[in-house]
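Peer 1: Based on these hints, arrange chain B on the given structure of chain A.
2 protein chains.
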Amino acid sequence: MKEAEQFYLDDLHVGQRFTSGSYVMEAARMKEFAAEFDPQPFHLDEAAAEASVFKGLAASGWHTAAAAMRLLVTGGLPFANGIVGFGGEIAWPKPTRPGDTLHVESEIVEITPSRSKPHQGIVTVRGTMFNQDGEVVYLLTAKLLVPKRMSQK
Amino acid sequence: MKEAEQFYLDDLHVGQRFTSGSYVMEAARMKEFAAEFDPQPFHLDEAAAEASVFKGLAASGWHTAAAAMRLLVTGGLPFANGIVGFGGEIAWPKPTRPGDTLHVESEIVEITPSRSKPHQGIVTVRGTMFNQDGEVVYLLTAKLLVPKRMSQK
Numbered sequence: 257m258k259e260a261e262q263f264y265l266d267d268l269h270v271g272q273r274f275t276s277g278s279y280v281m282e283a284a285r286m287k288e289f290a291a292e293f294d295p296q297p298f299h300l301d302e303a304a305a306e307a308s309v310f311k312g313l314a315a316s317g318w319h320t321a322a323a324a325m326r327l328l329v330t331g332g333l334p335f336a337n338g339i340v341g342f343g344g345e346i347a348w349p350k351p352t353r354p355g356d357t358l359h360v361e362s363e364i365v366e367i368t369p370s371r372s373k374p375h376q377g378i379v380t381v382r383g384t385m386f387n388q389d390g391e392v393v394y395l396l397t398a399k400l401l402v403p404k405r406m407s408q409k
Numbered sequence: 257m258k259e260a261e262q263f264y265l266d267d268l269h270v271g272q273r274f275t276s277g278s279y280v281m282e283a284a285r286m287k288e289f290a291a292e293f294d295p296q297p298f299h300l301d302e303a304a305a306e307a308s309v310f311k312g313l314a315a316s317g318w319h320t321a322a323a324a325m326r327l328l329v330t331g332g333l334p335f336a337n338g339i340v341g342f343g344g345e346i347a348w349p350k351p352t353r354p355g356d357t358l359h360v361e362s363e364i365v366e367i368t369p370s371r372s373k374p375h376q377g378i379v380t381v382r383g384t385m386f387n388q389d390g391e392v393v394y395l396l397t398a399k400l401l402v403p404k405r406m407s408q409k
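Residue numbers (this note's numbering), protein chains in the order written: chain A, 257 to 409; chain B, 257 to 409.
Hints in this document: simulated from the structure, not taken from any laboratory.
Glycine included, each C-beta is placed from N, C-alpha and C at the ideal position.
It is possible that part of the hints are untrue.
[Unchecked claim] Derived coverage of chain B by chain A (criterion: at least 3 residues anywhere in the stretch with Cβ under 8 Å from a Cβ of chain A; other residues may be distant):
#	region
1	289-299
2	309-317
3	328-341
With the rest of the complex left out, here is chain A:
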């Protein structure tokens, strides 16, 4: 990964936006991921998927979530010390399909300096993953630990 600009807590403000690169959801990888972690017919087999609620092969939502993390980590959210989260809220408004080209747009929605640990803070980020048609396939709102610039030990 390239060593691009790194954002510290001091550099962030509510409303700030970041855009990731892109991830192509390949059918073969979709099926492999599903076989390992989410072995349900609509993630594994085209014919079974056609007959399912998804009406066609759909990526496991956890594959979509993992792809979003890859996009955030590889430049989509360039926070100093990386992306360390405690949890958050997720949603999959639409399925991800074979061949989809996905990217994530992120926005800082809240910044809370830590009272107990003054060298860091909690940043709430809302990430929205779009497919090539501009449709939202995944939403993630997460609380992340971000260090202050001056406090590097």
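Peer 2: Below, chain B alone, put in the same frame as chain A:
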């Protein structure tokens, strides 16, 4: 997967519990998963992880989440038509470590019959993933689509 008992909406009640099998978090797979989806030093390299906030190699939270899904799909939450979710809330209270043996305990916390689609309902499930020491490493509260028994077309 064995074809064990399948639970329909009619079979579920608030407070009902399910227990999954187990998943062993292997160091090699942790690093592979992280290299593909979460390439941060504390998920990839023991020495870097020792120096990080994790104080030792930690699985990507998305690997932990995917492992939990595997446990739910392979008997941990035997819902008819599989596990189809819209989203939910997730949290990682503690890191998952190499060699951890994980399982998920799930509880039905809410059942909402659909008004627009009377043959199905929305079931809210709270899943808690424990390691071999009984520590909670992952929490998932998700809304799932579950069909009624009588309405199979």
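Peer 1: State the violated hints by number, sorted upward, taking the hints as numbered earlier in the document.
Peer 2: Violated hints: none at all, because every hint is consistent with the structure.
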